[in-house]
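These protein sequence lines are chains W and H, in that order. Last residue of the first sequence: number 273 in the numbering used here, and the count goes up by one each step with no gaps. Last residue of the second sequence: number 1273 in the numbering used here, and the count goes up by one each step with no gaps.
It is possible that part of the hints are untrue.
With a straight-line cut-off of 25 Å between C-alpha atoms, the simulated DSS-like cross-links for lysine-lysine are [as the list claims (entries may be wrong)]:
hint, chain 1, residue 1, chain 2, residue 2
1, W, Lys114, H, Lys1040
2, W, Lys202, W, Lys261
3, W, Lys40, H, Lys1258
4, H, Lys1258, H, Lys1216
5, W, Lys79, H, Lys1114
6, H, Lys1258, W, Lys82
7, H, Lys1114, W, Lys40
8, W, Lys25, H, Lys1040
9, H, Lys1025, W, Lys69
10, H, Lys1069, W, Lys114
11, H, Lys1069, H, Lys1094
12, H, Lys1094, W, Lys79
13, H, Lys1079, W, Lys114
14, W, Lys223, H, Lys1079
15, W, Lys69, H, Lys1069
16, H, Lys1025, W, Lys25
17, H, Lys1094, W, Lys114
Reference listing, derived: stretches of chain H covered by chain W, where coverage requires no fewer than 3 residues with Cβ under 8 Å from a Cβ of chain W [to be verified]:
hint, segment
18, 1035-1042
19, 1135-1143
20, 1218-1227
Pair by pair, the computed Cβ-Cβ distance ranges are [unchecked claim]:
hint, chain 1, residue 1, chain 2, residue 2, range
21, H, Gly1024, W, Asp113, 53 to 61 Å
22, W, Gly208, H, Arg1165, 40 to 48 Å
23, W, Glu99, H, Lys1240, 49 to 57 Å
24, W, Lys241, H, Lys1184, 48 to 56 Å
It is worth saying that the hints were derived from the structure and are not from the lab. This one's a predicted model, so the numbers in the text were calculated from it and none came from an experiment. C-beta: ideal position from N, C-alpha, C; glycine also.
There are 2 protein chains.
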Amino acid sequence: MNKEQAIIDKFTNSYLGDDGAVVGKWVYSKDLFVEGSHFKRGWLELDEIAYKAMIVNISDAVVMNAVPKFALIGLGVPKSLKMEQISLLRDGFKRACDEFGVTIIGGDTISSDKIIISVTIISELNSQAVLRSGAKAGDLLAFTGKLGDSLKGLKALLRGGSVARNSRFKKPVLKDRFFYRSAKFLSAAMDISDGLGTDLAKLCKASGLGVKFSKKLSKNELKSGEEYEILFAFAAKNRKKIENLAKKSRTKITIFAKTTKGRYKNNAREHHF
Amino acid sequence: MNKEQAIIDKFTNSYLGDDGAVVGKWVYSKDLFVEGSHFKRGWLELDEIAYKAMIVNISDAVVMNAVPKFALIGLGVPKSLKMEQISLLRDGFKRACDEFGVTIIGGDTISSDKIIISVTIISELNSQAVLRSGAKAGDLLAFTGKLGDSLKGLKALLRGGSVARNSRFKKPVLKDRFFYRSAKFLSAAMDISDGLGTDLAKLCKASGLGVKFSKKLSKNELKSGEEYEILFAFAAKNRKKIENLAKKSRTKITIFAKTTKGRYKNNAREHHF
């Protein structure tokens, strides 16, 4: 988004440009969700919306090798919302908090004509932060899980259909267990929120590298956003270790490319994204 | 707001209930501003809106004796907004950041039909946090500055009039210099955002105390919100010290009451707020 860039450009500094901002041992991630722009009320139940808003920010923390600890929640609530609907929102936040051991330490509730959810997650680094910019030429590139399900869910909803309560579109499943275990072997990582194609371009740009694909991926795999699977890079010599850690944490991973010297743009053209 | 309570009640813990949340040496404050609910575009210029959104959160940090360091900004921007309007928003954020030495370390920009600004300020405690709950029976109660100007500005705008660019309603002036110097002598503090009457009730409730007024305050002084002056309490023996520090930092203070044992409600009745 051009306008986003226009605002961020004014504030260039070393903290910006990753999934979260690192200050000492703390990582901060923040996202804003607005009814109409990010979700439609018919698509997700209110507890699913609140849960997903939390998980999406927790995902940013996980992929930097930080453990989510605290949350601040800003909430815009239409006057028309009934108490049982408020309870649903609350339940969604609570479910995510309980699942990840997060304590809500503050926030703000206001009245607005649409539901607005603003989440700030404060996380503590396990050790070193894993950044987007750390990949080296020759590293292997992989992603967790199976990509494409979220886009399928979205398409079904856009057609007026419905998706199951455990669809990836409704309920991202973070791969934190695998990630924390393997973090020390990873050179770069980010979560897949805009689609593997777009996010891969970001990671490569941040690392100043190109890509050579070793596996053909479908358009669905490349374009499906809001997956909250993890895109990550690691030195080829650690391949066995990573595969073992994936097995131990029962996490599917797919090695699909390796990084090269040069710029991403040229290599990507043939993949049409 | 009943609904706010309904959401917060589910998450009762020791972090909640003050201007900001204290975690170790860090203080976190967060507020959400939505066009229509909090501001009208005709009332404030976009740079004034952005500036005020920052200052209001910085105010929360100051009154806890914390120095604002970092900010995360979530921004909802209508597609109709022109680049020069975006620049104005940016300028407002930047002006507040420059003034208080704050670095913007992250955030999120989305498109929405109304302007939404969500600010999280990360601040570092000078030493001990000053809480709402620390007042002791017999403490003196005072406020900084002159109250009432913000309400006057609001009323003028509601009548279709206008207010000067340096009106308190447009540009809160924080009393951080006085506060940081006197913080070690203060037993409790909070900023005046809802009006002295309402905020005094909150401070007394948090401290478990009542109030005996020593000075008659006008309805305007008691009811004017968004002042961002400071309500504070201190032991009577420190009166001279506080008055000297106020003089040194050229900050007007008004001692208007003292705290008493008992509950605020009973003492307040005669003041009709």
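Results for each hint:
no.: 1; hint: W/Lys114 with H/Lys1040; verdict: holds, 17 Å
no.: 2; hint: W/Lys202 with W/Lys261; verdict: holds, 15 Å
no.: 3; hint: W/Lys40 with H/Lys1258; verdict: violated, 52 Å
no.: 4; hint: H/Lys1258 with H/Lys1216; verdict: holds, 13 Å
no.: 5; hint: W/Lys79 with H/Lys1114; verdict: holds, 17 Å
no.: 6; hint: H/Lys1258 with W/Lys82; verdict: violated, 41 Å
no.: 7; hint: H/Lys1114 with W/Lys40; verdict: holds, 17 Å
no.: 8; hint: W/Lys25 with H/Lys1040; verdict: violated, 40 Å
no.: 9; hint: H/Lys1025 with W/Lys69; verdict: holds, 15 Å
no.: 10; hint: H/Lys1069 with W/Lys114; verdict: violated, 31 Å
no.: 11; hint: H/Lys1069 with H/Lys1094; verdict: holds, 13 Å
no.: 12; hint: H/Lys1094 with W/Lys79; verdict: violated, 33 Å
no.: 13; hint: H/Lys1079 with W/Lys114; verdict: holds, 17 Å
no.: 14; hint: W/Lys223 with H/Lys1079; verdict: holds, 24 Å
no.: 15; hint: W/Lys69 with H/Lys1069; verdict: holds, 20 Å
no.: 16; hint: H/Lys1025 with W/Lys25; verdict: holds, 13 Å
no.: 17; hint: H/Lys1094 with W/Lys114; verdict: violated, 28 Å
no.: 18; hint: 1035-1042; verdict: holds (count 3)
no.: 19; hint: 1135-1143; verdict: violated (count 0)
no.: 20; hint: 1218-1227; verdict: violated (count 0)
no.: 21; hint: H/Gly1024 with W/Asp113: 53 to 61 Å; verdict: violated, 38 Å
no.: 22; hint: W/Gly208 with H/Arg1165: 40 to 48 Å; verdict: holds, 46 Å
no.: 23; hint: W/Glu99 with H/Lys1240: 49 to 57 Å; verdict: holds, 54 Å
no.: 24; hint: W/Lys241 with H/Lys1184: 48 to 56 Å; verdict: holds, 53 Å
In terms of the numbered hints stated before, the structure departs from hints 3, 6, 8, 10, 12, 17, 19, 20, 21, listed from lowest to highest.
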